[in-house]
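**Q** Sequence:
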Amino acid sequence: MSQRAPTVADVVAEHDIVVCAGSGGVGKTTTAAAVGLLGAKTGRRTIVLTIDPAKRLADALGVAELGNRPTPVNLDASGSLDAMMLDQKGAWDSLVERYAESEEVRAKIFANSFYQNLSSTFAGSQEYMAIEQLSQLDTDGDYDLIVVDTPPTHHALDFLDAPQRLGAFLDRSVMKWFVRPYMSAGWSSFRLVNRTVSALFRRLEEATGVGALAEVSEFFTIMSELFEGWDDRVKRVERVLKSDRTAFLLVASAEEQILCEAEYFCSKIQEHSIELRGVVFNRVQGELGVEFGSIDHDDVDEIVGRAVESKAVRRRLVANFLRYETQARGDQLRVETFRDQLAPGIAVATVPNFEQDLHDLAGLERLRSLLE
1 MSQRAPTVAD VVAEHDIVVC AGSGGVGKTT TAAAVGLLGA KTGRRTIVLT
51 IDPAKRLADA LGVAELGNRP TPVNLDASGS LDAMMLDQKG AWDSLVERYA
101 ESEEVRAKIF ANSFYQNLSS TFAGSQEYMA IEQLSQLDTD GDYDLIVVDT
151 PPTHHALDFL DAPQRLGAFL DRSVMKWFVR PYMSAGWSSF RLVNRTVSAL
201 FRRLEEATGV GALAEVSEFF TIMSELFEGW DDRVKRVERV LKSDRTAFLL
251 VASAEEQILC EAEYFCSKIQ EHSIELRGVV FNRVQGELGV EFGSIDHDDV
301 DEIVGRAVES KAVRRRLVAN FLRYETQARG DQLRVETFRD QLAPGIAVAT
351 VPNFEQDLHD LAGLERLRSL LE
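The letter at position 96 of the sequence shown is residue 96 when you use this note's numbering, and the numbering goes up by one with no holes.
Fair warning: there could be bad hints in the mix.
Unchecked claim - The calculated lysine-lysine pairs, modelled on DSS-like cross-linking and capped at a C-alpha distance of 30 Å, are: (1) Lys268 x Lys242; (2) Lys235 x Lys268; (3) Lys311 x Lys268.
Bear in mind the hints are in silico, worked out from the structure with no lab data behind them.
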């Protein structure tokens with residue numbers, strides 16, 4: 001007796017955290033919202049966290065606006081559903097609020113130019129704070145299920161690399177090497193010591209917009225207490241991502257380029273020792289011929305001819321239908337080929353190309369039903 005293939009709903013039921021990743025424009029945000037709805041419908045306290053700046057999650061869930069605090073979604077379910085959108089600077093400020101030793105220290109940090117650049121624009125900062133926020137939600141224990149909607153694929157890889165990259169940059173032993181010469185000899189004197197070091201500082205200035213090492217020195221001085229536990233926090237968020245409690249769900253369409261990016265993503269998460277738990281093929285064109293047997297041009301022409309008298313209109317309708325059938329056949333073949341490459345036990349859901357975008361809770365309910 002063959003064992004039942006796992007569903008995406010099974011994956012959600014067996015994990016506390018679901019990370020939805022995929023290329024832009026494949027319906028990833030909508031899928032994340034549907035996964036959140038699935039969790040709430042099965043009685044779990046659920047939150048969906050998006051770091052996608054397009055703000056589509058609020059529209060899909062029928063709420064006016066999302067911010068850096070959980071917003072309840074009004075729905076009829078045995079569980080509950082909240083949603084929030086990461087505010088990069090707000091998340092950094094919250095981190096400072098939690099760990100700074102006094103109000104005076106917090107004020108100095110918030111006024112520091114280097115901190116303002118780091119918290120607003122520094123590369124990798126958004127992705128790290130998203131993971132920090134995920135880790136904090138997990139630690140607080142207010143939710144049974146946390147669903148994370150990541151940016152498009154190459155940014156999703158940044159999402160995975162963010163703890164190590166930012167941790168390396170903020171490594172205190174490295175930054176002490178940068179800061180100590182300034183403290184002993186002054187920035188203007190130090191610039192003459194070594195051209196290589198000067199070039200590094202110029203790159204730092206260009207990347208952050210901070211023109212004085214004094215700002216960097218002050219930043220690491222006043223943030224020293226926060227950095228005492230930085231390594232532990234980096235290791236903690238890495239453990240969360242690689243935990244058996246966390247499932248990565250890939251969202252893709254049937255387009256060849258999208259599937260190539262999806263294949264690349266699968267290979268990269270393996271390098272991070274992360275297993276893919278499920279794949280959602282979204283907006284897949286269905287084949288009418290699969291349901292009604294083989295249909296050729298003459299069959300379609302005869303059927304359309306019963307309803308349309310104009311030969312010109314009939315020709316256009318028939319040609320349009322056959323184009324859709326060709327696209328549908330291509331979609332099916334590409335999806336089947338990709339599925340054949342997946343490891344056994346990975347849950348797969350195929351979502352058809354609906355007649356309209358899913359932009360409200362009723363639409364999400366249609367998608368949710370296909371994940372079960």
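**Q** Of all the hints given earlier, name the ones this structure violates by number, lowest first.
**A** Going through the list in order, the structure violates hint 3 alone and respects the others.
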